[in-house]
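Heads up: the sequence lines are chains S and A, in that order. Last residue of the first sequence? That's 258 in the working numbering, and every number before it is there in order. Last residue of the second sequence? That's 328 in the working numbering, and every number before it is there in order.
No lab work stands behind these hints: they were computed from the structure. Incorrect hints may have been included.
[Stated by the list, open to error] Pulled a few chain A residues facing chain S out of the computed Cβ check, cut under 8 Å:
{"id": "1", "residue": "Thr183"}
{"id": "2", "residue": "Asp308"}
{"id": "3", "residue": "Leu326"}
[As the list claims (entries may be wrong)] Pairs of lysine-lysine, DSS-like flavour, derived with a Cα cap of 25 Å:
{"id": "4", "chain 1": "A", "residue 1": "Lys297", "chain 2": "S", "residue 2": "Lys23"}
{"id": "5", "chain 1": "S", "residue 1": "Lys7", "chain 2": "S", "residue 2": "Lys198"}
{"id": "6", "chain 1": "A", "residue 1": "Lys194", "chain 2": "A", "residue 2": "Lys47"}
{"id": "7", "chain 1": "A", "residue 1": "Lys290", "chain 2": "S", "residue 2": "Lys250"}
{"id": "8", "chain 1": "S", "residue 1": "Lys229", "chain 2": "S", "residue 2": "Lys199"}
{"id": "9", "chain 1": "S", "residue 1": "Lys229", "chain 2": "A", "residue 2": "Lys63"}
{"id": "10", "chain 1": "S", "residue 1": "Lys114", "chain 2": "A", "residue 2": "Lys194"}
{"id": "11", "chain 1": "S", "residue 1": "Lys7", "chain 2": "S", "residue 2": "Lys199"}
{"id": "12", "chain 1": "S", "residue 1": "Lys161", "chain 2": "S", "residue 2": "Lys188"}
{"id": "13", "chain 1": "A", "residue 1": "Lys328", "chain 2": "A", "residue 2": "Lys235"}
{"id": "14", "chain 1": "S", "residue 1": "Lys250", "chain 2": "A", "residue 2": "Lys327"}
{"id": "15", "chain 1": "S", "residue 1": "Lys161", "chain 2": "A", "residue 2": "Lys194"}
{"id": "16", "chain 1": "A", "residue 1": "Lys63", "chain 2": "A", "residue 2": "Lys172"}
{"id": "17", "chain 1": "S", "residue 1": "Lys7", "chain 2": "A", "residue 2": "Lys290"}
{"id": "18", "chain 1": "S", "residue 1": "Lys250", "chain 2": "A", "residue 2": "Lys194"}
{"id": "19", "chain 1": "S", "residue 1": "Lys7", "chain 2": "S", "residue 2": "Lys250"}
{"id": "20", "chain 1": "A", "residue 1": "Lys172", "chain 2": "S", "residue 2": "Lys229"}
{"id": "21", "chain 1": "A", "residue 1": "Lys297", "chain 2": "S", "residue 2": "Lys250"}
{"id": "22", "chain 1": "A", "residue 1": "Lys47", "chain 2": "A", "residue 2": "Lys85"}
{"id": "23", "chain 1": "A", "residue 1": "Lys327", "chain 2": "A", "residue 2": "Lys290"}
{"id": "24", "chain 1": "S", "residue 1": "Lys199", "chain 2": "S", "residue 2": "Lys188"}
{"id": "25", "chain 1": "A", "residue 1": "Lys194", "chain 2": "S", "residue 2": "Lys229"}
{"id": "26", "chain 1": "S", "residue 1": "Lys23", "chain 2": "S", "residue 2": "Lys161"}
{"id": "27", "chain 1": "A", "residue 1": "Lys85", "chain 2": "A", "residue 2": "Lys63"}
{"id": "28", "chain 1": "A", "residue 1": "Lys172", "chain 2": "A", "residue 2": "Lys60"}
{"id": "29", "chain 1": "A", "residue 1": "Lys235", "chain 2": "A", "residue 2": "Lys85"}
{"id": "30", "chain 1": "A", "residue 1": "Lys17", "chain 2": "A", "residue 2": "Lys60"}
{"id": "31", "chain 1": "A", "residue 1": "Lys17", "chain 2": "A", "residue 2": "Lys85"}
{"id": "32", "chain 1": "A", "residue 1": "Lys85", "chain 2": "S", "residue 2": "Lys250"}
{"id": "33", "chain 1": "S", "residue 1": "Lys250", "chain 2": "A", "residue 2": "Lys235"}
{"id": "34", "chain 1": "S", "residue 1": "Lys229", "chain 2": "S", "residue 2": "Lys7"}
[What the hints assert, rightly or not] The following label-pair restraints were derived from C-beta to C-beta distances:
{"id": "35", "chain 1": "S", "residue 1": "Leu189", "chain 2": "A", "residue 2": "Gly209", "range": "47 to 57 Å"}
{"id": "36", "chain 1": "S", "residue 1": "Ile153", "chain 2": "A", "residue 2": "Gly251", "range": "19 to 29 Å"}
{"id": "37", "chain 1": "S", "residue 1": "Arg150", "chain 2": "A", "residue 2": "Gly131", "range": "43 to 53 Å"}
{"id": "38", "chain 1": "S", "residue 1": "Arg252", "chain 2": "A", "residue 2": "Glu129", "range": "37 to 47 Å"}
{"id": "39", "chain 1": "A", "residue 1": "Thr189", "chain 2": "S", "residue 2": "Glu111", "range": "22 to 32 Å"}
{"id": "40", "chain 1": "A", "residue 1": "Lys47", "chain 2": "S", "residue 2": "Lys23", "range": "50 to 60 Å"}
Quick caveat, the model's predicted, so the values are computed rather than measured. For glycine and all other residues, C-beta sits at the position ideal for the given N, C-alpha and C.
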Amino acid sequence: MKIVVAIKQVPARNSLLKVDESAKWIDDTDLSWEINEPDAYALEAGLQLREAAAGEVVVLCAGPDRATQTIREALAKGADRAIHIETDETAADPLALAHAMANALEAEKPDIVLTGLQSDDLGYGQTGVILAEVMGYAHATLVMRIEIIADGIRVKRELEDGWFQHVEMPLPAVLTIQSGAAKLRYATLMGIKKAKSKEIRSIAAGSPAAAPSVLLERIYLPQKSKRSQIFEGTPQETAAQLVEKLRFEARVI
Amino acid sequence: MSGILAILEQREGKLHGMSLEALAAAQQLAAELSQPVYAVVMGKNIQVLAATTATHKLTKVHELEHDLLGEYTADGYTIALKQLIALHHPSFVLFPHTYQVRDFAPGLAASFGHVLVSDVIGHRIENGVLVLVRQLFQGKMNSDVRFAGDAPWFASIQAGAFRAENALKGEAPAPVEVMTPTIEPTQIRTKPLERFRESQPAVDLGAAERIVSVGRGIREAENIALVEQLAKAMGAELAASRPICDNGWLPMERQVGSSGQTVAPKLYVAVGISGAIQHLVGMKGSKTIVAINKDPEAPIFEVADYGIVGDLFQIVPAIIEALKK
Numbered sequence: 006m007k008i009v010v011a012i013k014q015v016p017a018r019n020s021l022l023k024v025d026e027s028a029k030w031i032d033d034t035d036l037s038w039e040i041n042e043p044d045a046y047a048l049e050a051g052l053q054l055r056e057a058a059a060g061e062v063v064v065l066c067a068g069p070d071r072a073t074q075t076i077r078e079a080l081a082k083g084a085d086r087a088i089h090i091e092t093d094e095t096a097a098d099p100l101a102l103a104h105a106m107a108n109a110l111e112a113e114k115p116d117i118v119l120t121g122l123q124s125d126d127l128g129y130g131q132t133g134v135i136l137a138e139v140m141g142y143a144h145a146t147l148v149m150r151i152e153i154i155a156d157g158i159r160v161k162r163e164l165e166d167g168w169f170q171h172v173e174m175p176l177p178a179v180l181t182i183q184s185g186a187a188k189l190r191y192a193t194l195m196g197i198k199k200a201k202s203k204e205i206r207s208i209a210a211g212s213p214a215a216a217p218s219v220l221l222e223r224i225y226l227p228q229k230s231k232r233s234q235i236f237e238g239t240p241q242e243t244a245a246q247l248v249e250k251l252r253f254e255a256r257v258i
Numbered sequence: 004m005s006g007i008l009a010i011l012e013q014r015e016g017k018l019h020g021m022s023l024e025a026l027a028a029a030q031q032l033a034a035e036l037s038q039p040v041y042a043v044v045m046g047k048n049i050q051v052l053a054a055t056t057a058t059h060k061l062t063k064v065h066e067l068e069h070d071l072l073g074e075y076t077a078d079g080y081t082i083a084l085k086q087l088i089a090l091h092h093p094s095f096v097l098f099p100h101t102y103q104v105r106d107f108a109p110g111l112a113a114s115f116g117h118v119l120v121s122d123v124i125g126h127r128i129e130n131g132v133l134v135l136v137r138q139l140f141q142g143k144m145n146s147d148v149r150f151a152g153d154a155p156w157f158a159s160i161q162a163g164a165f166r167a168e169n170a171l172k173g174e175a176p177a178p179v180e181v182m183t184p185t186i187e188p189t190q191i192r193t194k195p196l197e198r199f200r201e202s203q204p205a206v207d208l209g210a211a212e213r214i215v216s217v218g219r220g221i222r223e224a225e226n227i228a229l230v231e232q233l234a235k236a237m238g239a240e241l242a243a244s245r246p247i248c249d250n251g252w253l254p255m256e257r258q259v260g261s262s263g264q265t266v267a268p269k270l271y272v273a274v275g276i277s278g279a280i281q282h283l284v285g286m287k288g289s290k291t292i293v294a295i296n297k298d299p300e301a302p303i304f305e306v307a308d309y310g311i312v313g314d315l316f317q318i319v320p321a322i323i324e325a326l327k328k
């Protein structure tokens, strides 16, 4: 079984973000980067699927040069090889990205493509579904578990309000994986060593097939919707102020 | 043609709670852009729902009826809506940003060569052009987005961005137009099985007057006890953001957010929760919100009434002490 896991590199979760001079994206000069957390769960699901069904796990990642670090980390965790779509367009919309990914996968003909349910940067939560549409694959979102059955797969999907549903579908398919569905593995020392000699095939993103259908005009820090009172001082002082306000202003304790 | 199409979500003939929010959004945009507004209900035997939907102030209700729309599938919904949109050429197609919409609407928009502008939190009209606001970086940034190219354009509306009670009723029922889309059984590739729950929730967070909720900032399972003490001291139920429940540190039934429970207590204390949008939609209706977080830029402070920026491991014990006085 050929399993492709599409991953993205995003700013580390605790990054302090600043808007750049164009006001169209963040200033990414001094940031540290990591795998988009939902994609880490997709990678884990891919590695577990390979353990259950045999085959190979191919990592697919679009991004600038720095993305190779995240790709190496995925290889160190156990992916077999990688395809790097080279692009400096870090705020590409999900349709353009899905087209670039579909082009990269044309010769690969994967049985399953896995990706995270959304990215922590743009957060459109769509790339997987659009990729399925572009490639003509069946798909399911918010997948918690994958089982191989006689004529395809059976997945457990998360619905709202604590409900779940099993869905059966043929292969090939694209699945977006719900975060937290499995425990993430760490790269072993042996894995890190082996990753150095694994193949990363770089391909150019090419020019987008069509003009973008959405334009990101401007990004900015959100304005506070409420006037918050922020207490200052030592922990004891701030705690005392808070308790006073909760008792006598908000009257909730 | 023009017009704004609101795609309402239903199950077993009942509207999803966010459907009327999408309808309110469509009505408001229609008024601002001087366009007609339509609602779409789809399923099997949903005449009654179509009739109740038609009591709203709408130009028309489109009822999509088909046996193969009885149970949701991405293929069935996409095929049916493609046909409706191709027939009526609306300018805008609006959805509530539900889990189900996330499953099919991006593919539907892509089939028209477009991107669904998902999870919209606000809008404005600039020189007659619609500008949508959505969040980036887990709520740390906002962005203004405009549509390009030709209609139809697609957007989904975040929970709470528009209010269901603002959905206007009409003076007379709107006409209902029934359409039977052409769908072949072989076009439906997925086979949905029974829906199920893993356990009956034992705690009803929705009924709690006070909630103390814990997030990633707590770092270790052993540290949860500290927040539990705070909850006890405040007479509050203990809750958590998703990562805590994913790690198994607290049961899933205590999770607040879009994949857990939606709560609106008198007091909500968020400890070490950054406030990603998935969490905020589950608690921002709370009357008084307290945020304790080391990151002053954390989005949780945007909805907080009271905030303390600092180390929760020093602040929480100090609050427990202060409550004794």
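Which of the listed hints are not met by the structure?
1, 8, 9, 17, 18, 19, 20, 25, 26, 29, 32, 34, 35
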